[in-house]
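Q: In case you want the letters, here they are:
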Amino acid sequence: MLRTFRVDLHIHSCLSPCGDEAMRPQAIVHQALAVGLDMIAICDHNSAENVNAFMSAGSEKGLTVLPGMEITSKEEIHLLALFDRPEECMALQELVYQNLPGENVEEVFGCQTVVNERDEAIGINRKMLIGATLLPLERIVSFVGSLRGVTIASHIDRQAFSLLGQLGFIPEGILLDGLEISRRTSKEEAKERFHAYQGFSFVRSSDAHHLEDIGKNVTHFLLEKTTSEEVRLALHYREGRRVVE
Amino acid sequence: MTVFDIAKSFGLETRAGKDHLHEEVTGGYASDLLSDVIAHSRKGNLWITIQTHPNIVAVAAMKELAGIILTGGREPDPEALRKAEEEGIPILVSPVFTFELVGRLYQKGISGRSPC
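Protein chains in written order, with our numbering: chain S, 2 to 246; chain Z, 855 to 970.
One should not assume that every hint holds.
[Unchecked claim] Pair by pair, the computed Cβ-Cβ distance ranges are:
hint, chain 1, residue 1, chain 2, residue 2, range
1, S, Leu3, Z, Gly966, 40 to 50 Å
2, S, His221, Z, Thr856, 48 to 58 Å
3, Z, Lys872, S, Leu135, 40 to 50 Å
4, Z, Glu941, S, Ser147, 26 to 36 Å
5, S, Leu223, Z, Thr856, 50 to 60 Å
6, Z, Glu933, S, Met2, 21 to 31 Å
7, Z, Thr856, S, Val245, 51 to 61 Å
8, Z, Glu940, S, Leu135, 43 to 53 Å
9, Z, Glu954, S, Arg239, 28 to 38 Å
10, Z, Ala893, S, His196, 17 to 27 Å
11, Z, Glu867, S, Lys217, 49 to 59 Å
12, Z, Gly966, S, Glu225, 50 to 60 Å
13, S, Asp120, Z, Thr868, 36 to 46 Å
Honestly, the hints are just simulated from the structure, not real lab data.
The beta carbon of each residue, even a glycine, is placed where N, CA and C say it ideally should be.
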């Protein structure tokens with residue numbers, strides 16, 4: 002049976018250098034449920050080291066947490082990748098880490114905290130997660146596709162780090178599953194501005210870096226259950242699944 | 855000055871569009887955001903960038919730019935090369951970084967102001 006789910010697919014944890022230190026598993030899961038979300042995805046910059054902790058915290062409380070990542074391509078485009086299983090997310094992380102130069106400068110970019118499901122800090126990530134990988138956009142999209150993951154171009158309505166800002170237009174033939182619109186642009190504005198890309202599904206998410214931003218911008222999906230595979234079907238209008246306008 | 859003259863005097867290597875180097879250069883534009891290049895570059899401009907994605911060729915063709923110079927030793931993506939040959943868009947490469955190259959071009963009279 003299909004039903005409508007309230008979903009926020011782009012949330013940063015305290016692992017992202019720009020993510021607030023309060024963005025920890027129990028806190029985020031609590032806030033997500035409080036604002037009525039059925040599913041979230043944790044997408045830190047170029048790393049997925051916190052996804053297991055979030056998935057455990059979510060399953061304890063009955064909230065689906067998808068393992069994800071926000072990868073920075075060589076062209077400095079932000080791209081969301083979502084999966085059902087952490088194993089696939091870790092395979093992506095391995096490729097990203099092999100292609101991510103530099104070390105974080107905590108004083109400048111912020112702390113990158115690895116946590117457990119009880120919100121306790123268990124480590125610090127030393128990589129420069131805010132940086133760009135050496136991977137071309139198309140390479141990341143096809144790699145995620147080969148892992149049966151979902152790819153969504155981040156905040157295409159923004160100038161900085163967006164597919165349209167960096168590359169001017171969407172390259173022909175790219176197998177993206179969807180385009181994300183940030184909360185800066187209304188549904189109506191997005192429809193008009195991105196009319197040329199109406200062949201893609203538009204997803205709205207919060208890109209939350211602070212607890213209070215969670216669920217401030219959401220997508221309603223018509224799905225059978227809360228999985229990334231169902232999200233993929235919905236983004237392509239398959240088997241009755243779809244984004245609810 | 856043509857793209858050919860500039861390539862010669864700055865020791866740029868031509869990677870694509872060898873038969874299209876004789877267009878007169880109207881000025882220069884330096885940016886790595888393609889949306890910005892679409893908005894502000896002018897016909898006949900030489901475009902200096904570090905982006906190597908195939909979309910650079912489409913932008914140069916759309917804006918009728920004289921050519922693209924990739925700086926800092928960057929090489930065009932294979933698909934960008936293929937498209938550049940197809941569209942007849944010169945792609946030149948330089949080991950020099952953008953700031954330095956733009957400075958040298960400016961000294962030679964290539965300005966950022968467009969004639970139109």
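Q: Within 17 to 27 Å or not, the Cβ separation of Ala893/Z and His196/S?
A: holds (19 Å)
Q: Against the range 50 to 60 Å, how does the distance between the Cβ atoms of Leu223/S and Thr856/Z compare: consistent or not?
A: The hinted range 50 to 60 Å holds for Leu223/S and Thr856/Z, with Cβ atoms some 59 Å apart.
Q: Is the gap between the beta carbons of Leu3/S and Gly966/Z within 40 to 50 Å?
A: violated (56 Å)
Q: Does the Cβ-Cβ separation between Gly966/Z and Glu225/S fall within 50 to 60 Å?
A: holds (57 Å)
Q: May I ask you to test the hint 51 to 61 Å on the CB atoms belonging to Thr856/Z and Val245/S?
A: holds (57 Å)
Q: Hint says 40 to 50 Å; check whether the CB-CB distance for Lys872/Z and Leu135/S agrees.
A: violated (29 Å)
Q: Should the hint that Glu867/Z and Lys217/S are 49 to 59 Å apart at their CB atoms be regarded as holding?
A: Given range 49 to 59 Å: holds, Cβ gap about 50 Å.
Q: Does the Cβ distance between Glu940/Z and Leu135/S fall inside 43 to 53 Å?
A: violated (26 Å)
Q: Is 48 to 58 Å a correct range for the gap between the Cβ atoms of His221/S and Thr856/Z?
A: holds (57 Å)
Q: For the pair Glu954/Z and Arg239/S, does the Cβ-Cβ distance stay inside 28 to 38 Å?
A: violated (52 Å)
Q: Do the Cβ positions of Asp120/S and Thr868/Z conform to the proposed distance bound of 36 to 46 Å?
A: Distance hint for Asp120/S, Thr868/Z is violated at roughly 58 Å.
Q: Is 26 to 36 Å a correct range for the gap between the Cβ atoms of Glu941/Z and Ser147/S?
A: holds (31 Å)
Violated hints, in rising order: 1, 3, 6, 8, 9, 13; the structure is consistent with all others.
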